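Take these sequences, add in the hints, and give me the full structure.
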Amino acid sequence: MNIYLREMKAHRTGLIWWCVGMVGLVASGMAKYDAYQGAGVSIEELFATVPKGVMVIFGMTGFDLTKASGFYGVLFLYIALMAAIHAALLGSHLISKEERDRTSEFLYAKPVSRSSALTSKLLAGLTMVVILNIATLLSSFYFVDFFGKGESITADILILMAGLFLLQLIFFTIGTVAAGVVRRPKAAPSIATSFVYLALLVSYLVNMNENLDFLKYLSPFKYFDAAILMADGRLDPVYVALSVVIVVLAVFGTYRFYSARDLTV
1 MNIYLREMKA HRTGLIWWCV GMVGLVASGM AKYDAYQGAG VSIEELFATV
51 PKGVMVIFGM TGFDLTKASG FYGVLFLYIA LMAAIHAALL GSHLISKEER
101 DRTSEFLYAK PVSRSSALTS KLLAGLTMVV ILNIATLLSS FYFVDFFGKG
151 ESITADILIL MAGLFLLQLI FFTIGTVAAG VVRRPKAAPS IATSFVYLAL
201 LVSYLVNMNE NLDFLKYLSP FKYFDAAILM ADGRLDPVYV ALSVVIVVLA
251 VFGTYRFYSA RDLTV
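Numbering (this note's numbering), first residue to last: 1 to 265.
Keep in mind that the hints were calculated from the coordinates and are not lab data.
Predicted, not measured: the structure shown is a model, and the values here were computed from it.
Be aware that one or more of the hints could be misleading.
[Unchecked claim] Think about it this way: if two alpha-carbon atoms lie no more than 30 angstroms apart in a straight line, the pair counts; the simulated DSS-like pairs of lysine-lysine are:
#, residue 1, residue 2
1, K186, K9
2, K32, K222
3, K97, K9
4, K67, K222
5, K97, K186
6, K149, K67
7, K149, K32
8, K32, K67
9, K67, K216
Structure, rendered in structure tokens:
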């Protein structure tokens, strides 16, 4: 069995559960919107009781919460967080798995170079990132349409999913380079997810204080702010370019550090 198929098989069950979890998140989030509407509760009045600071921190401003599109925009932050955590963990596990499980001799026994093995791992990871993104896309189409009672936001969802894909790639490659650099394989996933939480914290700080707006370039979550994407109807070219640069540098770093290190057998 080649390395690509081996990685796909090894992560198959986990990927299925992540997809189920993502579908459940979208379904429960939009069901909550429908419950508010069905109970005759004014969503705007309900959220008016929430402190403004909390609304700002969690990116709940800039949306018309009486519409399914606005409610989905708020939900997108949680979708993005879940996808980012998955991507970071996936990247770090793919690279550190053999050392962690003391099965590095598997790679040494293969008649392929270290770089070729790494390429197969990265392609497997990319495939799984795409699968989770597609699961999110399809479930978003279905549940927003189902609970939104015909409100069409197809274009908005497509833009958000494009941004989500870039976000996933950023944290996936951060996970791979972290695993390539760190000498303790079991520490790689924790380090990778720490970058996710740090980026989320920075986005909260930027939301809270306009004077910290310059920090937005340090948080990929700010690159794909749902309110801005849905209002503009497009991705910001600057953030797209910055995302590509981060991914390319991280991939280069992964090859550089992983190929140069001695794997623990």
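How the hints compare with the structure:
{"no.": "1", "hint": "K186 <-> K9", "verdict": "21 angstroms, holds"}
{"no.": "2", "hint": "K32 <-> K222", "verdict": "25 angstroms, holds"}
{"no.": "3", "hint": "K97 <-> K9", "verdict": "14 angstroms, holds"}
{"no.": "4", "hint": "K67 <-> K222", "verdict": "23 angstroms, holds"}
{"no.": "5", "hint": "K97 <-> K186", "verdict": "9 angstroms, holds"}
{"no.": "6", "hint": "K149 <-> K67", "verdict": "10 angstroms, holds"}
{"no.": "7", "hint": "K149 <-> K32", "verdict": "14 angstroms, holds"}
{"no.": "8", "hint": "K32 <-> K67", "verdict": "12 angstroms, holds"}
{"no.": "9", "hint": "K67 <-> K216", "verdict": "28 angstroms, holds"}
Checked against the numbered hints given earlier, this structure breaks none of them.
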